[in-house]
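Protein chains in written order, with my numbering: chain A, 1 to 256; chain B, 257 to 538; chain C, 539 to 773.
The hints are simulated quantities; they were obtained by calculation from the structure and are not laboratory data.
Just to be clear, a hint being listed does not mean it is correct.
[To be verified] Sample of chain A residues at the chain C side, in silico, Cβ under 10 Å:
| # | residue |
| --- | --- |
| 1 | V46 |
| 2 | L64 |
| 3 | Q95 |
| 4 | K101 |
[As the list claims (entries may be wrong)] In silico lysine to aspartate or glutamate, EDC-like type, Cα no more than 20 Å apart, as pairs:
| # | chain 1 | residue 1 | chain 2 | residue 2 |
| --- | --- | --- | --- | --- |
| 5 | B | K480 | B | E319 |
| 6 | A | K101 | C | D670 |
| 7 | A | K101 | C | E662 |
| 8 | B | K417 | B | D356 |
| 9 | B | K314 | C | D670 |
| 10 | B | K468 | C | E733 |
| 11 | A | K45 | A | D219 |
| 12 | A | K101 | C | D689 |
[Stated by the list, open to error] Sample of chain B residues facing chain C (criterion: CB under 10 Å; computed from the structure):
| # | residue |
| --- | --- |
| 13 | H307 |
| 14 | F312 |
| 15 | G317 |
| 16 | E319 |
| 17 | A324 |
| 18 | V325 |
| 19 | D378 |
| 20 | P379 |
| 21 | A443 |
| 22 | T461 |
The beta-carbon is built from N, C-alpha and C at its ideal position, and this holds for glycine as well.
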Amino acid sequence: MLEQTRSLVALDTGAPSAGHVLPLELRRLSLETGGRRLIDSVDLKVEEPGITVILGPNGAGKSLLLRLVHGLVAPTDGIILWGGRPMDDEIRRRQAMVFQKPVLLRRTSAANITYALGLRGIARSERNSRARQALELAGLDRHAFTPARVLSGGEQQRLCLARALSLDPEVLLLDEPTASLDPASTLDIERLFIGAKHRGIKVIVVTHDVGQARRLAQDVIFLHHGRLIEHQPAGRFFDHPESDTARAFMAGGLVL
Amino acid sequence: MRGAFGRRDILKLALATFALLSLAIPISRAADNFIIVQSTTSTQNSGLFEHILPIFTKKTGIEVRVVAVGTGQALKNAEKGDGDVVLVHSQPDEEKFVADGWGVKRYPVMYNDFILVGPAADPARIAGMKQAPDALKKIAEAKAPFASRADDSGTHKAELKLWQQAGIDPKASSGSWYLETGSGMGATLNIAVGKQAYALTDRGTWLAFANKDDFKVLVEGDDKLFNQYGVILVNPAKHPNVKAKQGQAFIDWLAGPEGQAAIADYKIDGQQLFFPNARPQS
Amino acid sequence: MLDLSQAFASALRQIVTLDSQLLQIIALSLKVTLTAVAIATLLGFAVGGVLAVYRFPGRGAVAALLNALMGLPPVVAGLIVYLLLSNAGPLGVLQLLYTPGAMIIAQAILITPIVAALTRQTCEDLLEEYRDQLRSLGASSAEMVTTLLWDGRYRLTTAVLAGFGRAIAEVGAVMIVGGNIDHVTRTMTTAIALETSKGNIALALALGMILLAIALVVNIALMSIRRLAAHFAYA
């Protein structure tokens, strides 16, 4: 399985475009609460399909940025544009997000997926087949009727990812999805959203794990103290980071 | 449309609640052939109703539902139209009730008497006295505990009249030896027994009371302890919902030979509790 | 003096002989309270869920009011309903006074705040965990309410039980609006009050023990359901 994953990673993306959803543009994006600027005037543009990694030390504002572009939090200043359109509920419906801790309802695995499909207005007859497909993709089909909350941490996260993918999103957002998982589960999860990338879904992943970033990233957004420090293609970022902060971070030091 | 999902659920919720609520109403509609009689706790506690009402219902098919509260409350409830007939024992209040237009006509029905009861120890030494006001005077002088209903009932009003005749204002000592319970006759007797206090009670309730401890009847027979009951039809002109025909049928029966006989017939341990004294109808 | 052993003997005798009047009183108590609980559950779940999910001005005040109403004295609830249903009152035309219907309404008013307040708390706790994910999945506020209510269903049984306990044990409300009429509106608690006032202490105690036993049975039944649920890790 490990070999398979490595070869997948080595493949160049060349996937069909996530078309009309991109580019993602942030202009002067800020979030301020209680006098503190948690996100400080971020300007960036994500144009290419593939996996974008948001990297940075803890407290940099990575999760916050992800939630801003998903519309879960409203900015206090600046704008967010997806494919030239300002962020709204319509756009959010074309995205799906997976959180650091898996959030599952007190139902079976399959029911968790059909629940999400029901919210999207998918006809009842179609829900079961799509749920089954998603469970198979995640290798969870034999747990279809197991209560979701008795699954292991890794299985639960795979289920969350399966649920997200069953919605046929154009953008997949992941907030430190493997932070609390063991290496084997981590690989399973990564394999799943690499597969998504191949199917043309735009993937944005938040992580503080440099190794994971190296494995997955096509381009890297590096944040520190809510500010955008660097936005580079992966190769350039990892070989020749421009900022001292990024250099220090990747050398493994504590970045204050 | 996805938005309709939420709204449909709220509608289902509202319908379900409404359905349940409307269940509550038919439950009550079942028998319409009944009257509500506002009466007193002392009459209910004596057990009289359990004896005479089945006889009336058997004869006429009219169910009699008794709500037992204090005389004051019974009359107030009737003023609001929450009853078809009142059966209480406080003549001046009953006459005012009719004079004010709330009742049609007052019929005397029966009488019993009040008695003074107290602990066997009898600290105020009132046993066997012939005049009730004098006994109360001795209780006040001895500052012996006395439990009063203090609830605007017929018994309470009779009690206050006796204090007045004794020339004493017991309320000045409320909370020390004069205990104003604000309760029905039975509850007041419970408190009297519990605190070894004297009390004024109607004989009917006392005979039926099961928690007497060592208490005895200490003063009885005084004319001033005479307790007259009256029955009145609530005025349908003021409250159209009053079941005038059935209510009057009950009054006629109660004041007539059958009802009067049933009242006289009611005994506890061989003792008659109530004495019929309706005037024959012309 | 009170003979407790006599009280127990008296109680057992009543139960064993299935005294018809006793059965009638028990049946009425259960009918009134269970109907009131059903109504209070529907209303309470809805109010509690909406309060947990929706943001609107005055939300905090409503929540505080609900919490305060949990302490509404039963006799006050009875008085309010009495004034409404009295023939001199606005709803007198319904002719509900002194009927089981009035008692159901009074008890429903009494326990809805309890169910609502506990439902709100449960849903708010669940929302802490679920809010972001549900918003991400695109759930509307109304959909969030129904989702939380279903997801918290086993914790919500406690709220329902709390309401049941309060209703089956109260006497103030049913006494005023029901009138404790023999064969019509006499429940366990009003019967206990009556027998006490007649000095029949032993009988009153016996009825009290039966009431406790019934409450115990209901609680055990619901607890068993919860244990079954935990077995499937739904709790």
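Outcome of the hint check:
1. V46: 19 Å, violated
2. L64: 12 Å, violated
3. Q95: With a minimum Cβ separation of about 8 Å from chain C (threshold 10 Å), the hint on Q95 of chain A holds.
4. K101: Holds, about 9 Å.
5. B:K480 <-> B:E319: This hinted pair is violated, its Cα atoms lying about 36 Å apart.
6. A:K101 <-> C:D670: 11 Å, holds
7. A:K101 <-> C:E662: Measuring from Cα to Cα gives roughly 19 Å; hence the hint holds.
8. B:K417 <-> B:D356: 23 Å, violated
9. B:K314 <-> C:D670: Roughly 70 Å separates the two Cα atoms, so the pair is violated.
10. B:K468 <-> C:E733: Satisfied, since the Cα-Cα distance of roughly 14 Å is no more than 20 Å.
11. A:K45 <-> A:D219: 11 Å, holds
12. A:K101 <-> C:D689: 18 Å, holds
13. H307: Violated. Min distance 12 Å.
14. F312: 14 Å, violated
15. G317: Hint on G317 of chain B: violated, closest Cβ of chain C at ~15 Å, above 10 Å.
16. E319: 8 Å, holds
17. A324: At about 7 Å, which falls below the 10 Å cut-off, the nearest Cβ of chain C leaves the hint on A324 of chain B intact, so it holds.
18. V325: Holds. Min distance 8 Å.
19. D378: 19 Å, violated
20. P379: Nearest chain C Cβ about 20 Å off; hint violated.
21. A443: Since the shortest Cβ distance to chain C is 5 Å, the answer is holds.
22. T461: Hint on T461 of chain B: holds, closest Cβ of chain C at ~8 Å, below 10 Å.
Violation of the numbered hints given earlier is confined to hints 1, 2, 5, 8, 9, 13, 14, 15, 19, 20; the remaining hints are satisfied by the structure.
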